[in-house]
Amino acid sequence: MSTDRRQHGATWTLTSVALVARGPALDPDALTARLAPLRPTATRPPGPSRWGPPDDVDGEWRLQCDERTTRDFAAQLDTVLSAAEPYVEQWRALEAEGVSVALVVRGYVDNDSQLALTAEEMRRVARLGLPLTLTPSTSER
Numbered sequence: 001m002s003t004d005r006r007q008h009g010a011t012w013t014l015t016s017v018a019l020v021a022r023g024p025a026l027d028p029d030a031l032t033a034r035l036a037p038l039r040p041t042a043t044r045p046p047g048p049s050r051w052g053p054p055d056d057v058d059g060e061w062r063l064q065c066d067e068r069t070t071r072d073f074a075a076q077l078d079t080v081l082s083a084a085e086p087y088v089e090q091w092r093a094l095e096a097e098g099v100s101v102a103l104v105v106r107g108y109v110d111n112d113s114q115l116a117l118t119a120e121e122m123r124r125v126a127r128l129g130l131p132l133t134l135t136p137s138t139s140e141r
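Just so we're aligned: 3 in this note's numbering is position 3 of the sequence shown, and the numbers increase by one with no gaps anywhere.
Note that these hints are calculated values from the structure, not bench results. A portion of the hints provided could be inaccurate.
Stated by the list, open to error - Pairwise CB distance ranges, derived in the manner of DEER restraints:
{"#": "1", "residue 1": "Arg71", "residue 2": "Pro46", "range": "32 to 38 Å"}
{"#": "2", "residue 1": "Gln114", "residue 2": "Pro24", "range": "24 to 30 Å"}
{"#": "3", "residue 1": "Gly98", "residue 2": "Ala33", "range": "26 to 32 Å"}
{"#": "4", "residue 1": "Ser139", "residue 2": "Ala33", "range": "18 to 24 Å"}
{"#": "5", "residue 1": "Met122", "residue 2": "Ala93", "range": "19 to 25 Å"}
{"#": "6", "residue 1": "Ala33", "residue 2": "Pro131", "range": "20 to 26 Å"}
{"#": "7", "residue 1": "Pro54", "residue 2": "Asp27", "range": "20 to 26 Å"}
{"#": "8", "residue 1": "Glu89", "residue 2": "Arg39", "range": "15 to 21 Å"}
{"#": "9", "residue 1": "Ala33", "residue 2": "Asp110", "range": "38 to 44 Å"}
We put the CB at the ideal spot given by N, CA and C, even for glycine.
Let's have the full structure, built from the sequences with the hints guiding it.
Given below as structure tokens:
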């Protein structure tokens with residue numbers, strides 16, 4: 001089996017990696033205080049979303065790294081994982097309280113696009129114990 005990625009298609013482009021906590025009663029300010037000194041890159045209190053569908057009323061706390069920081073996916077992933085790893089117990093406690101917490105990767109793809117994670121990156125993701133959600137977009141960019 002060839003390891004040359006060019007034979008298997010392009011990689012995802014304009015990726016972003018985010019740790020996202022969501023819940024109908026999630027108070028982003030209280031969560032920020034609980035996770036201090038970790039600071040979110042975006043928050044939204046519970047209630048109707050300005051940008052999302054009408055039924056999207058969950059509060060949200062987000063720690064995101066995207067192309068504004070770096071276009072290198074591995075660096076984006078490392079940035080978010082490095083910030084999140086010291087808080088493993090807090091993520092588990094939040095999940096036990098009914099808050100949805102996930103590592104979300106988004107990006108644009110073409111036919112046969114791939115997103116490669118190293119074995120060490122996968123170990124780090126697994127140690128967080130959170131779902132990994134991959135959200136490819138095939139829309140024009």
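These are the hints, each one checked on the structure:
1. Arg71 / Pro46: 32 to 38 Å: 33 Å, holds
2. Gln114 / Pro24: 24 to 30 Å: 36 Å, violated
3. Gly98 / Ala33: 26 to 32 Å: 19 Å, violated
4. Ser139 / Ala33: 18 to 24 Å: 37 Å, violated
5. Met122 / Ala93: 19 to 25 Å: 24 Å, holds
6. Ala33 / Pro131: 20 to 26 Å: Check passed, 25 Å falls within 20 to 26 Å.
7. Pro54 / Asp27: 20 to 26 Å: Hint holds: Cβ distance 22 Å, inside 20 to 26 Å.
8. Glu89 / Arg39: 15 to 21 Å: 19 Å, holds
9. Ala33 / Asp110: 38 to 44 Å: For Asp110 against Ala33, whose Cβ atoms are near 43 Å apart, the range 38 to 44 Å holds.
In this structure, the earlier hints numbered 2, 3 and 4 are contradicted, and the remaining ones agree with it.
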